[in-house]
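Engineer: One-letter residues, chain by chain:
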Amino acid sequence: MRIGLLTEGGYPYVSGEARLWCDRLVRGLGQHAFDIYALSRSEQQEDEGWVQLPPQVSRVRTAPLWTAEDDGAAHGRRARRRFAEHYGDLARAVCAGDSAGSATAGGIPGDTSEEVADRFGSALYGLAELAREEGGLVGALRSETAVRALERACRAPGALRAARGARVPDLLSVASQVERTLRPLSLDWYEDDGLGSVDLCHATSGGPAALPGLLARHFSGVPLLVTEYGVQLRAHYLGAHEDPEGRTTPAPARALLAAFHGRLAAETYRQAAVVTPGNTHARRWQERCGADRAKIRTVYPGMEASRFAHVGEGAEHADPDTLVWVGRIEPAKDLVSLLHAFAEVRAEEPKARLRIVGAPADGPEGETYLAHCRALAARLFPDETEGVHAVGDNPVSFEAIGGPEVSTLPEAYTAGAVVVLSSVVEGFPISLIEAMFCGRPTVSTDVGAVVEVIGGTGLVVPPRDPRALAEACVALLRDPERRARLGAAARARALELFTVEQNITAFHSIYLDIVSRCPVQRVVVDDAGEPLPFAVPAEAHVPGRWAESGRWAESGRWAESGTRLGAGRPPGWAAGPPVRGVPLDPDPYDMPAASDPGVAAVAAGAAGAGAGAGALGESDVSGVSGVEDAMASAASDVSDARVPAGEGAR
Amino acid sequence: MNARRGADVERPSAPGGAGESEAAGPAGAAGAVGAVEEPGGRGEFEGRAEPGEVGEHREAAEPAGPAEVVGPSELAGPSELAGPGEAVGPAGSAEASGPADRDGCGERGERGEFENLEDIQSLEDAQSLEDAQNFDDIGNSDAEVGETRVVDVRPGETRVVDVRLGESRVEDAPLAGAPAAVPGPRDAHAAERETRAWEQDVLAGARNAVPGSSHLLSGIEDATPAGSGSSARRGGADPVKALMERHRELCERAVDPLEIAAGLEAHGVTDRTATRFRHRDVFSLAEEMYARVPRAAETEPRTETPGSSGTRADWALLALLPGALCAAVVAGLRLTEGRPRLAVTVVGVFAVSLGLRAALRRGPLHATRAWYPTAATRAWTYWLVAYALLGEGLLVTGIDGGPEGLPTGGSGSPWPIALAPVLALALACAPAAWFAQLFAVRARHRLAASRGLEEFASSVRPLLLGAVGLFLCALAGLLALCAAVLDEPAPYAATCALGALLLLARLLTVHGYTHAPAIALAVAGTAETAALVSVFAGRVPGFSAPAVPVRTLTDAWGPGALPALVCGAAALLLLAHAARTLTRASAHATHGDTP
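Residue numbers (our numbering), protein chains in the order written: chain A, 1 to 650; chain B, 1 to 595.
In isolation and in its complexed conformation, chain A is listed as follows (with noise of 0.2 Å):
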């Protein structure tokens, strides 16, 4: 099938966010065609160019976030009514108050807050079409009326209480900010040669890559998928004290600002079919601005395992004394606390060493960071001589990978027998599933993802808290068995839960899922325009027959009862399991199944590694039990709270 993948800032630029993921994506679904429809975020990514497509994306469409031409289109006088009038009620949706008084920008939505929604999709897919048919919006968008309409819901009664407020450069600069994320209106992406050719939409993060999705659902009925590793709403809260010129925000612009990103997140969360965060963490954001929880599955980014592959369980290269933190040295990593921690482990283990592996991040504040640490741990630990003869040596090691004692990622892994998260923030920890797939036990902070990510295969601590940390590393670096008991279980869970594979498998589901749930409908016309009756047979829209319907012939038992349609061969797109995939079961009674909404096959392979990590945790709670006894008891686990009701069927 035909998937439109937006993006936003990313694929295919070659400095884009989350390219990789991408990449593997679209590399690993062979059988699909893509077409890339991408919006860039500055000149410099557009010069830097685009990294090697494969040949399965038959088209890429670009278009600039970062400048908008004014086309001067001179609107007539019904459309710059049309315009007012939609943009009012744009305004008004957005300065909405809810009843209680506090603004929660697109919150648990109650029936006013419904309406409210309803209101704001209206006035979006308004001035959408108001931008197909007359020409761009970005003079209306800046003009007086979109100021003035601002001004007027502001002051309307009921208007959100912190932006009464508002003053004039406030409108204004709401106004731009607005017209800014409203540019993919005015792009010609949305003809049925474009966005409307396609089968399904797949937005690689919320915000202004799901306008496209919106839209093209909008006039064309195409269902639209969202993925979002990190919720664009909350980076804009992160981001949301400084305009791009570096100047603070006042609070009014703020809050309508977070009102309209929290209204289009609402709205991107309604109207997408299957919307799948990364984590849990972007999960409950996902909730919170109104996702429903029927629509979200978690699928885990995807790493690449085979480097690490070689490595297997064995603890032969560690040196059993050795604690490794691995990651990009930089203050939110709180290497800090992790040497005054390993004082402590000092104070009770002397043999015990630190290798602190990877370089600073870009910038000044890194590179101060890395002088800020060595510092301290040349005061913490003085150097150390083992005889007269030998050579000073400082328990504590400051490498990069590249360098003489680290010649790559797994070395740096594999060299010690315990592996350290210090972070105060962390999103997905991609050293700690690293240090996972090593077969490394692991001592780590509870901050972000981290509690998700480690299940039950490692050691978990309070973040800021030294001593906590000294103890949990303390813990394992006298119990051996434990380490490879903990280390066993944390591969198992890593390769079960976060390759690449993993992920293509369950985005590949999600696609035939969705496919067959929310088919497109067109109309088939003829060379002369006509519309073509029964030029698409009724059957097409039996859900369930395009999932793996080339495995049903083969097995030919669809095709004797008579249900298998006339289409002379099964489509192309729906030949076969991903290319690089895990091969799904090859059960055909699963399919049917998993077309019903209730029932997610989707992350088939993530929640049957999750009831199966839970219970790993569980042996380790339990202290003594082994690994092989908590495998048995994951058959009859299903308690995981992000197991679909579907994986009962297994």
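There could be a bad hint or two in this list.
Said to hold, decoys possible - What follows is a set of in silico ranges between Cβ atoms, one per label pair, in the way DEER data are often shown:
| # | chain 1 | residue 1 | chain 2 | residue 2 | range |
| --- | --- | --- | --- | --- | --- |
| 1 | B | His-366 | A | Thr-62 | 22 to 32 Å |
| 2 | B | Thr-374 | A | Ala-235 | 39 to 49 Å |
| 3 | B | Glu-455 | A | Asp-118 | 32 to 42 Å |
To be verified - Computed footprint of chain B on chain A; a stretch qualifies when at least three of its residues, placed anywhere within it, have a C-beta under 8 Å from a C-beta of chain B:
| # | stretch |
| --- | --- |
| 4 | 144-150 |
| 5 | 225-237 |
These are calculated hints, taken from the structure and not from any lab test.
All figures in this text were calculated on a predicted structure; none of them were measured in a lab.
Just so you know, even glycine gets a beta-carbon here, dropped at the ideal spot from N, CA and C.
Please arrange chain B on chain A, whose structure you already have, making use of the hints.
Structural biologist: What follows is chain B alone, placed relative to chain A:
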């Protein structure tokens, strides 16, 4: 000791995996309240514990200081108990004692003898609030992930926290009900009673599921009464307040709860931490903080002035360039004769136009690329200036039947040239830029200070008129000067009208209104062309009618009347337009990335 520990922590790893894991949650949560904190703390342990379980509990709590599960199990919805005004609730007390396990197990070992109430009290008091916040909670009640963390304390080692994913189903349901059950601030005891009842439920369920771990559960039995001791309201009874203190800037800046939630998460506060503040998750914690943050009635109007572009003042000097070049060219024309004069003329026109371009490339009269005037508009502008230079002479000689040749610029020229107006206009580029800058800066100040669009419009209108008026005065002065120096007549009306037209056209263009200036300039240029053409067309025998209006006009008010009328009318129209459009806030918006 090790054997004991095994008995404590280990659960049977027998087939009943599912049931076991279900139970594990509550067990964790239960212990959370229990073992660590209060039991003995209030010296009520012995009395309240249920007979059947005392023994077990004793066992569990004996010197070895065995397995403990730490963390407050969510007792009640926090915001319900501690509303904006009143922070101290039963929640507070339990909270305060939450982190009591920080100190190693040495002390904990003495917990077998719980008689010593003082001991425990002091131990708990020792915990600073900082600890309370740093310490991460266990027994998280998040329905989503539902981890339970078991703290594993051995004499030698210490606290180690293991996290499990996906269990603790049992505790979810009652928890969800809890907030509903405790609506609003009310009698603390009543709330606690309910909470207790809920805990008992949990315990019952848990106990059924895992008989083997009942000693953990007994912990909570004991703990609960202690936790409900309403007497204890020790220091740090309002942890949320302390948290708000710590994140004061975040709270004051936040425009909605989600912003606080995002900020808290960026500071490492997780749902586990939130349970320490008796909140289900970070979002509800953030909501409480948002509700409680004191807000000044309205933030003071920001007096911050928009970044003044004073750093680059080169445009102010550059604006003098056309005038200087023009003056040089005029001097050259005066000093040369014949062919060199022709060369000076050609080079001079070229140089002045380049100078003008350079002057307009920077500063307040700079138009961004998207609003750059079209070639036609630029041509009309040059045509209008050329008319000021040559048009009058051509018109006069045309009416009289001339001209006999091309102008030479000298006194005996067949076609007089008016250098003074053009020189004055060129020199006026500088005041034009300065006054435009004045207008822009003042307008931006007004913009920052005004509360509404109407207010802004009414305050900017006088500014615009003032700027144009000042420019006209300056132009008139320059014209008088030039006329005196060059010893030429000074056509004030025509020059001022043209100057006003050009200035307004440029101002409008610079602010993005390109349409009206283009039309005004084109119309004015066409009218002047038509007047000239009509004069020459009137020479055709028997076809004198077209020249009549122009002749009449010239006879009545002199040759300067025509451009004065034409440009004056156009300038007035543009002024009316500018009074409407340049007083809009959107005209003064700074567009960072685009025109």
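Engineer: Report the numbers of all earlier hints that the structure fails to satisfy, in ascending order.
Structural biologist: Structure breaks no hint.
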